[in-house]
Amino acid sequence: MTGQLKKIVLGEQGLVVIFIVAFALVSLLVPNFLTDRNMLGLLQSVVTVGIVACTMMFCLAARDFDLSVGSIVAFAGMVAVMASNASGSILLGLLAAIACGTFVGFINGVVIAKFRINALITTLATMQIVRGLALISSDGRAVGINSPDFYQLALSKLLGIPTPIWVLAILFGIFGFVLNRTVFGKNTLAIGGNPEASRLAGVNVDRTRIWIFALQGFVCGIAGILLASRITSGQPNAAVGLELSVISACVLGGVSLAGGRAAMSGVIVGVLIMGIAENVMNLLNIAAFYQYIVRGVILLLAVLLDNLRSSAFGRR
Amino acid sequence: MSFLEFSNVTKTYPGVRALSDVSFGVEKGAVHGLMGENGAGKSTLIKILSGDQHADTGEITIDGKVQAYTSTRDAFDNGVIVIHQELQLVPELTVAENLSLGRFPASAGVIARGRMLEDVGAKLKSAGIDIDMRRKVKTLSIGERQMVEIAKAIMLDARVIALDEPTSSLSSRESEILFALIDRLRGEGKVIIYVSHRLDEVFRLCDSLTVLRDGKLAAHHQSLKDVTRDQIVAEMVGREISDIWGFRPRKAREARLKVDNLSGARLRTPASFEARAGEIVGFFGLIGAGRSELMRLVFGADPRSGGTITVDGKTIAAASPHDAIRAGIVLCSEDRKHDGIIQGRSIEENINISSRRHHTRFGVLNRASEIATAETFIKKLKVRTPSRKQDIVNLSGGNQQKVILGRWLSEQDIRVLIVDEPTRGIDIGAKSEIYELLYQLAEEGMAIVVVSSELPEVMGICDRILVMCGGRISAELARDQFAEKAILAAALPDKKTPDAIAS
Chain F
1 MTGQLKKIVL GEQGLVVIFI VAFALVSLLV PNFLTDRNML GLLQSVVTVG
51 IVACTMMFCL AARDFDLSVG SIVAFAGMVA VMASNASGSI LLGLLAAIAC
101 GTFVGFINGV VIAKFRINAL ITTLATMQIV RGLALISSDG RAVGINSPDF
151 YQLALSKLLG IPTPIWVLAI LFGIFGFVLN RTVFGKNTLA IGGNPEASRL
201 AGVNVDRTRI WIFALQGFVC GIAGILLASR ITSGQPNAAV GLELSVISAC
251 VLGGVSLAGG RAAMSGVIVG VLIMGIAENV MNLLNIAAFY QYIVRGVILL
301 LAVLLDNLRS SAFGRR
Chain Y
317 MSFLEFSNVT KTYPGVRALS DVSFGVEKGA VHGLMGENGA GKSTLIKILS
367 GDQHADTGEI TIDGKVQAYT STRDAFDNGV IVIHQELQLV PELTVAENLS
417 LGRFPASAGV IARGRMLEDV GAKLKSAGID IDMRRKVKTL SIGERQMVEI
467 AKAIMLDARV IALDEPTSSL SSRESEILFA LIDRLRGEGK VIIYVSHRLD
517 EVFRLCDSLT VLRDGKLAAH HQSLKDVTRD QIVAEMVGRE ISDIWGFRPR
567 KAREARLKVD NLSGARLRTP ASFEARAGEI VGFFGLIGAG RSELMRLVFG
617 ADPRSGGTIT VDGKTIAAAS PHDAIRAGIV LCSEDRKHDG IIQGRSIEEN
667 INISSRRHHT RFGVLNRASE IATAETFIKK LKVRTPSRKQ DIVNLSGGNQ
717 QKVILGRWLS EQDIRVLIVD EPTRGIDIGA KSEIYELLYQ LAEEGMAIVV
767 VSSELPEVMG ICDRILVMCG GRISAELARD QFAEKAILAA ALPDKKTPDA
817 IAS
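Respectively, the protein sequence lines represent chains F and Y.
Quick note, the first sequence lines up with residues 1 to 316 if you use my numbering.
Quick note, the second sequence lines up with residues 317 to 819 if you use my numbering.
A portion of the hints provided could be inaccurate.
Pulled a few chain Y residues facing chain F out of the computed Cβ check, cut under 10 Å [to be verified]: (1) V426; (2) G660; (3) T676; (4) Q728.
Some chain F residues flagged as far from chain Y (calculated, every beta-carbon gap over 12 Å) [said to hold, decoys possible]: (5) R116; (6) N118; (7) V183; (8) V203.
Anything over 12 Å on all C-beta distances counts as not near chain Y; from chain F, calculated [to be verified]: (9) T35; (10) A96; (11) A169; (12) V178; (13) L244.
Hints are computed from structural coordinates only; laboratory data are not their basis.
Note that the Cβ used here is the ideal one computed from N, Cα and C, for glycine as well.
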């Protein structure tokens, strides 16, 4: 009996099983958890982390790292609001935001892949540069959205479900497909497994890495737009510390920091676990200060579980 | 009961029974050989001895005491030291520091340098190891580093020392120094476990021998007096292998690969050679003669500073492996672990990584064809694995090599196949399978370039041998001119001793 339990918990889908059990327990024990309103609220709250986690997964899977995501999200939000206010066209604002996000990501990628600067250092630098740009562009103040149509991005619903959640679900689907079913995804995993062997096997390693970072920037642009729409303004101090939540969610989802191992299902579960923990603590009126501790403990437990799993299966 | 005794040791990994019920004993003051094909269970046995892995059942006793250690540290403390192929030294520290690591003589946390040098010096001297202990390990040759590893074992008063393929990257002179040291340790009553693929060495060094096959004890010889090589080979493979080369004549056709005055940062002297369709060309030389460097330039793995490469009359850019593969040149590197296998990924993905581009549409994989390709080459190349989904790190060296060959053979239009040390660390059974494969590919019209440090191998399988020495091609011999002496003479530099180059 215990042997079987061990097999399930430590198996390939162990995290999913634990998640389902935890979800069922919380549904039974925490009042008001399993209601339509709370579920939608929960999903809304993980949209930013979830969207960015899609591409962070690629980054980590290729043995890279991106600390600049929080700053890019804030900067893209600022650009979206200011550009659409200035031009009067929301579409133009959105395009500008996504272009800016992608551009920053592209620069990250080129510096890391072509100039061979450590990803941690590079993105630590761009994290600060881009945050600075966001602050400068508005002189440190929040910028309100002029056109009410912009709010509609976050407020509008399709089949009773808010648009941002649809966007999140679609991105989960797209990047799950890209990771497992495309050359790009497989090359990403191969680079994480052994970069030099991948290069000698004909993989264009530099180009793949630049693509990964550019995609990361692109996705941060989308997240920034949705966030700005939800908080009805461009906030230069938005999404501070986002990079850590995103990396936590990925690691929680079984993405290996040593590269070469990642799964979309794991990342989705990781994002949801983080979201549920926060949601439940809010429902139970636990003070925000304690939430940091709980999040940290969950992350440590998840990594320990992963370690157990690796040694149980003799993986390296 | 012997001093060191393995009793009924069994170990199972997912999908593989690595060792089943292995028992044998080794006496004090004996060098005991451990042989077997890759995947026979030698490494697993050594890992269990070193405390790195635990046996599922069975036990190890030393001097009558059951060894129940749970970590390599425990094994250390019990006087069991394993010297792995990959050496465990800190490059930035000096020899003396490496030898004192973990046991620095110190007062109040400050290292007593004088005492450290004295202690280490005395030990090195008594062991007859002649290395300047103030040098940083990163400045030492591989042979010297091996000496330091052994010195470490001596420093720790090891009772059992296991050496895993210690000569695989040593020159012959370095090997002789190592053998002398082993003889000395034998005289001091240590137990030495000597894992090797090389029969010469086993006969030169070992008092007794255990042969493993498929995780089982295939043979145990108390003495090697009446044992023949053929007998050991038969025990390892489980069948008789008469001629491992199995050379058969073939016809060379038109020139496929032409390399003209190629040079790069690590190969200053421009090199030129050609390889014809249906021909196996061997590159022989000492380690560091520039053979691998030349091949890496041909494959675009390193940037070239000059020269041209022509395949079937067409000049190619080969600025990267990516380009070279598309021009029909592929390379199996000598360092499989660093340059070949993609750790953590399955056999299937390791095979398909390059050739999948022929089957994709808009970058989307064709899964059916990937599975089919993987299955085809696992079968064709006789890769021993429970499943195509197995992580490649779980395979033995020979099987990993086959997977990498599969990676290239699944390409549709390979014209030139370069294999660098194709059989290094590979057992005899897999070796002859790989040779047979090379013959077939040559007969089908590929131009094949084999880089090897084993003279019998190049002489056994090649149609033509090019010898490199000190970064230049020093001789070219057709098969009817093959002579050991002539080849070796061309490989040895004039003034310097061969070991100066090898290290």
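Hint-by-hint comparison with the structure:
1. V426: 34 Å, violated
2. G660: 4 Å, holds
3. T676: 6 Å, holds
4. Q728: At about 13 Å, which exceeds the 10 Å cut-off, the nearest Cβ of chain F leaves the hint on Y/Q728 violated.
5. R116: Check passes; 14 Å lies beyond 12 Å.
6. N118: About 19 Å separates F/N118 from the closest Cβ of chain Y, which puts it past 12 Å; holds.
7. V183: Non-interface label fails for F/V183: nearest chain Y Cβ at 5 Å, not farther than 12 Å.
8. V203: 7 Å, violated
9. T35: Correct as stated: the minimum Cβ-Cβ distance to chain Y is 40 Å, above 12 Å.
10. A96: 28 Å, holds
11. A169: Fine: 21 Å to the nearest Cβ keeps F/A169 off the interface.
12. V178: Incorrect as stated: the minimum Cβ-Cβ distance to chain Y is 9 Å, not above 12 Å.
13. L244: At about 25 Å from chain Y, F/L244 clears the 12 Å cut-off, so the statement holds.
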